[in-house]
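Novice: Sequence:
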Amino acid sequence: MTLFFAALFLCAALYPFYVVHKHTLGHHEPVVRTPGEWGVDYEEISYETDDGVLLKGWWIPSKGSRAVLLLHGKGGSRNGYHSGIFDLAHWYRKNGWSVMLADMRAHGESGGKRVTFGLKEHEDMLGWLKHMDASMAYSWRVHGFSMGAVTALMMDEKEPGRFESVIADAPWIDFEKLAKQELWKRASLPPLFYGYIKWIAKNFFGQDFDFVDNRQRCKKLCGRNILYIFEAKDTLLGNLHKNILRRLCPVAKTVWFEETGHVEAFKAHPARYTQALEGVSESE
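Counting from 0, one number per residue, gives the positions in the sequence shown under numbering that gives the first Met the number 0.
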């Protein structure tokens, strides 16, 4: 009996390590579609991060000074099968924007093993932009989906005034609530395990759950030129995160898409989606 309880305790102690390991792994996949199918010139670009991860992407130049950095979410890539980010890049290019499409660390064709939910990703992208546009010749927008949206908010916080606008499609606001929800749904771990999971993630996997929470960040960024996009049928965020944002920043600009799932608004309603993007530009 003693051995049974010892084994049970050991499983309870070690299983959360497996959960953190599994859910911080990235998603590598070959990039099949390229901007060449649009009939435009583009450049294969790469950047080595401060910790030695090689990132890959595209630079698709256009006339004028407007440029947009597009960031996919966790499990995505610059081909954007779920969010439609690749086709969105085409829309931006047709409308006169230079476009930078990147595979974030541990995704697509970029190197790296683990995601950090924006912690390292925002530093990667700020470093890459400084390398790409050292003379600050472009007026930049950052447009991200899910984890990419959170990364965009972190970038705007880190370098205030660097970006003329931010589009945050389906960002989490309260990371603790999200993590507790997903621990139960994906790993059958009750909320009381959150503190232990958080400790494991920080001490063994290089994560920082406090930093990637957006409650104080959204309050700090309140009043900046940020458009938040939420989807009514989003089973990951639901209405909760939109409502939390409203409490933190009552003047936040938001667009709400009915009958649409997580980061699927552009694919489901491209005309309304791009109209909202044009509205941000017009209000600048």
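Hints are not guaranteed to be accurate.
Stated by the list, open to error - Pairs of lysine-lysine residues, derived as DSS-like cross-links and limited to a Cα-Cα distance of at most 25 Å, are as follows:
no.: 1; residue 1: Lys219; residue 2: Lys252
no.: 2; residue 1: Lys129; residue 2: Lys176
no.: 3; residue 1: Lys266; residue 2: Lys21
no.: 4; residue 1: Lys201; residue 2: Lys232
no.: 5; residue 1: Lys219; residue 2: Lys157
no.: 6; residue 1: Lys179; residue 2: Lys201
no.: 7; residue 1: Lys252; residue 2: Lys241
no.: 8; residue 1: Lys197; residue 2: Lys21
no.: 9; residue 1: Lys218; residue 2: Lys112
no.: 10; residue 1: Lys266; residue 2: Lys232
no.: 11; residue 1: Lys232; residue 2: Lys179
no.: 12; residue 1: Lys93; residue 2: Lys266
no.: 13; residue 1: Lys55; residue 2: Lys157
no.: 14; residue 1: Lys157; residue 2: Lys21
no.: 15; residue 1: Lys62; residue 2: Lys112
no.: 16; residue 1: Lys55; residue 2: Lys93
no.: 17; residue 1: Lys55; residue 2: Lys112
no.: 18; residue 1: Lys93; residue 2: Lys157
no.: 19; residue 1: Lys21; residue 2: Lys55
no.: 20; residue 1: Lys21; residue 2: Lys112
no.: 21; residue 1: Lys218; residue 2: Lys184
no.: 22; residue 1: Lys184; residue 2: Lys157
no.: 23; residue 1: Lys252; residue 2: Lys112
no.: 24; residue 1: Lys266; residue 2: Lys252
Hints listed in this document are in silico derivations from the structure and should not be mistaken for laboratory results.
Bear in mind that the values here come from a model prediction, so they are computed numbers and not experimental data.
Novice: Does each hint fit the structure? Answer for all of them.
Specialist: Here is how each hint holds up against the structure:
1. Lys219 x Lys252: Between Lys219 and Lys252 the Cα gap is close to 15 Å, so the pair holds against 25 Å.
2. Lys129 x Lys176: Violated. Lys129 to Lys176 sits at ~34 Å, over the 25 Å cutoff.
3. Lys266 x Lys21: Violated: Lys266 and Lys21 sit about 29 Å apart, past 25 Å.
4. Lys201 x Lys232: The hint is violated at about 32 Å.
5. Lys219 x Lys157: Answer holds: Lys219 to Lys157 is near 11 Å, not above 25 Å.
6. Lys179 x Lys201: 16 Å, holds
7. Lys252 x Lys241: The hint holds at about 11 Å.
8. Lys197 x Lys21: Distance ~14 Å between Lys197 and Lys21 Cα, so the pair holds.
9. Lys218 x Lys112: Violated: Lys218 and Lys112 sit about 32 Å apart, past 25 Å.
10. Lys266 x Lys232: 14 Å, holds
11. Lys232 x Lys179: Given that 25 Å is the threshold and the Cα spacing comes to 20 Å, the pair holds.
12. Lys93 x Lys266: With Cα atoms ~17 Å apart, Lys93 and Lys266 stay inside 25 Å; holds.
13. Lys55 x Lys157: Between Lys55 and Lys157 the Cα gap is close to 23 Å, so the pair holds against 25 Å.
14. Lys157 x Lys21: Since the Cα atoms of Lys157 and Lys21 sit roughly 29 Å apart, the hinted pair is violated (cutoff 25 Å).
15. Lys62 x Lys112: 36 Å, violated
16. Lys55 x Lys93: 23 Å, holds
17. Lys55 x Lys112: Roughly 15 Å between the alpha carbons, so the hint for Lys55 and Lys112 holds.
18. Lys93 x Lys157: 30 Å, violated
19. Lys21 x Lys55: 24 Å, holds
20. Lys21 x Lys112: Between Lys21 and Lys112 the Cα gap is close to 11 Å, so the pair holds against 25 Å.
21. Lys218 x Lys184: 29 Å, violated
22. Lys184 x Lys157: 33 Å, violated
23. Lys252 x Lys112: Roughly 35 Å separates the two Cα atoms, so the pair is violated.
24. Lys266 x Lys252: 21 Å, holds
In this structure, the hints that do not hold are numbers 2, 3, 4, 9, 14, 15, 18, 21, 22, 23, in rising order.
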